[in-house]
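What follows is the residue order along each chain.
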Amino acid sequence: MAKKEESVKLLGFWISPFSRRVEMALKLKGVPYEYLEEDLPKKSTLLLELNPVHKKVPVLVHNDKLLSESHVILEYIDQTWNNNPILPHDPYEKAMVRFWAKFVDEQILPVGFMPLVKAEKGIDVAIEEIREMLMFLEKEVTGKDFFGGKTIGFLDMVAGSMIPFCLARAWECMGIDMTPEDTFPELNRWIKNLNEVEIVRECIPPKEKHIERMKKIIERAKSTF
Amino acid sequence: MTEKEESVKLLGFWASPFSRRVEMALKLKGVPYEYLEEDLPNKTPLLLELNPLHKKVPVLVHNDKILLESHLILEYIDQIWKKNPILPQDPYEKAMARFWAKFIDEQILTLGFRSLVKAEKGREVAIEETREMLMFLEKEVTGKDFFGGKTIGFLDMIAGSMIPFCLARLWEGMGIDMIPGEKFPELNRWIKTLEEVEAVRGCIPPRDKQIERMTKIAETIRSA
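Chains as they are written, first to last, in the UniProt record's numbering: chain A, 1 to 225; chain B, 1 to 224.
There could be a bad hint or two in this list.
Which residues of chain A face chain B? A few of them, derived with a C-beta cut under 7 angstroms, are [what the hints assert, rightly or not]:
hint, residue
1, K43
2, V72
3, Q79
4, T80
5, L87
6, P88
7, Y92
8, F99
9, W100
10, P185
11, R189
For the record, the hints were derived by calculation from the structure and aren't laboratory data. Idealized CB from N, CA, C, for every residue including glycine.
Chain B on its own, in the form it takes in the complex (with noise of 0.2 angstroms):
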């Protein structure tokens, strides 16, 4: 297929991480692409016909190949496109960083959000536990300008996606400092690097829009 003809189109939302850190990898390698919004929670007819199995995006189109699940799609995006590799290249480093990526959309994501919301052994608790997690990012980063080293790579997309620009407007709307300067000036120092970054700065959701929708979701979490 000659360049002219491929086709890569993006189903995502404004407000997910998963998404955003879709468009991150395509518009870091300079992938031409056309962004279809879903308007979450109604879901357009084009949704269920490419994920009938998980209703859920993001959705990449590529040509005729549909593509699930923010992780594969990255890694998949990272194969295709060569430019500006976004995974080590080492077995193990790379092993590290699906790891790394993992526990973020996992345990930080669990304890950060829902158990932070519900708080059922109490607040105080459940902030200790999700500064617990975020330590482990906070050793992980030190030393080095991103996640990806020197310049931005796969764990810097998802962290960056999830964390300062996710769940810090969740945090914020509840009134939780979940990551002081003087707890994690490595984070800290990594965000602002992050937001620095041309292809991060275009999926930033804006941030009052955001801070609004998660405090609304928290509210239906809690009444749940």
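If we strip away everything but chain A, and leave its shape as in the complex, we get (with noise of 0.2 angstroms):
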């Protein structure tokens, strides 16, 4: 297919961290998309008609092929646009970053949002959880500027969406310092990198808007079972 032909489109929302992570490999190897936003959480007939099984962003239409899950979507961008690789070439280096990718979304996901909300346990309890999730991935990025090295990566991507712009605005607003500098300065570094990276200024959610958002989902998840 001639270059002109190609047609690249992700279906998003703006404060899901799924949905930013693809945009910022999208940035990253300077690939022209069309962006549709979903006002979830009503679904577009967009949205159905691509996501049958899922019915959940991200979508990314390229040319006449569907993905989704982030993961696998961010998988077929390194495959598809070869400049910027944001996945080590080395296999045992590859499967860490997918591990650690996994980790962030799987383990620390969980606990990091609902169970806060929720304190079954007591909130102090569902702290020290987190924090001792997100202490493996301080000893990952001790000695490097991003967990991908020198540039960005897939875990960058995966972890930079997921923690300071998304589960840390959730944080602020229940006025809890998760990651304080004396205990977690290599995390804090990392965020600083990253807010400097100019893509990734771009698919940061706006903060104001952000945590105003997050005030709402966290007043229904309280109200609700």
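Each chain sits in its own coordinate frame; assemble them with the hints.
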């Protein structure tokens, strides 16, 4: 297919870390794309048509191919557009990056929000559990500018979209200083570095609007089972 | 490192689909490995040392490298041992294989196991929901010998270890005919074909022992 005919669309949602990380990858690789905002929780007919299995964002449409699941999309983007690779070449290092990315979404996320809101065991216990998980990442990024080394990579995008630019907003709403400088010097340094990367800055949900929305989400979560 | 010094160890558990699928990949590629059986739920000091974070099997130890998470291990194996590739080359087809693999371990496992056992909305509803999910796989394998095409691949190993050789034993123990021939002709055909593959045959947990085990686990879940 001629380059002119190439079409990339991203169905996303401004506060979804899953959606934001895909934007980071597309921007890093300089891939022109059309962004379509989903007005969640209402689901557009387009979303239901493109992702009947999960009915979730992000959905990437590359020419006639539909892709969902952010990690799957990021890997696809890396293989399709070869400039600025986001995954290491070495099979073991690649496996480790994927491992920590899974850890962020599957271990940190489940303890990082709801258990705090519900605080059934007491909020201090919940906070400690989260900090224990974050300590693994603190170690991983020690001595590096980014998880990806000198430039941002897959894990920076997954962890960045999820932690400083999503969960940290919830923590701020709840008045929790989850990653104090003295306990997490490396993560704090990493966050500063991330904030200086232009394409990352463009993918950070606007803070005020985000915190306002978080407050509503927290209220709703508190009042349900 | 010379071939002679290469060392591959797999810490596994006979009834774990996550562990069995890694064995399928190693066998398919003819990789010699040492198998160490974990006697779960007792955890050996070796497991706790190798996987302090999750304390779960499988753990693959390749020379001095420790790998966890079955999907990641399979991808690693595919990149290190190039014979009989299990993932497609095409980025989109690879993405689809990964997508369905996640679907099986996340959606199908949840609906087809925990939700079914708890059956809060009623058993019939739980069965129907599981079947709806399985219908996606029915479509995926239509017209193909295997999900991987003419030979078994990544998705066959994941779906095979999880569905016919694990969940189906639970369903049998519960007296449920989850994938009847007339509703799921393609999946049934796929299962028959799969059972004839040598690399798979050696990785199927013994049926009766597993039905017994799954039934016990179901009891534990129900009474929790």
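Here's how the hints hold up against the structure:
Interface hint at A:K43: violated, since its Cβ lies 18 angstroms from the closest Cβ of chain B, which is beyond the 7 angstroms cut-off. Evaluation of the A:V72 hint against chain B yields a held restraint, the C-beta minimum of about 5 angstroms falling below 7 angstroms. For A:Q79, the interface hint holds, the least distance from its beta-carbon to any beta-carbon of chain B being 4 angstroms, beneath 7 angstroms. Contact between A:T80 and chain B, as hinted, is supported at the beta carbon level, the nearest pair being about 5 angstroms apart and thus within 7 angstroms.
Violation of the interface hint for A:L87 is found here, the shortest Cβ-Cβ separation to chain B being roughly 11 angstroms, above the 7 angstroms cut-off. The beta carbon of A:P88 comes no nearer than 11 angstroms to any beta carbon in chain B, farther than 7 angstroms, and the hint placing it at the interface is violated. This hint holds: A:Y92 has a C-beta 5 angstroms from the nearest C-beta of chain B, less than the 7 angstroms allowed. A least Cβ separation of about 6 angstroms between A:F99 and chain B falls short of the 7 angstroms threshold, and the interface hint therefore holds.
For A:W100, the interface hint is violated, since its Cβ never comes within 7 angstroms of a Cβ in chain B; the closest pair sits about 10 angstroms apart. For A:P185, the interface hint is violated, since its Cβ never comes within 7 angstroms of a Cβ in chain B; the closest pair sits about 22 angstroms apart. With a cut of 7 angstroms, the hint placing A:R189 at the interface with chain B is violated, because the nearest CB-to-CB distance is about 23 angstroms.
Of the hints listed earlier, those the structure fails to meet are numbers 1, 5, 6, 9, 10 and 11, in rising order.
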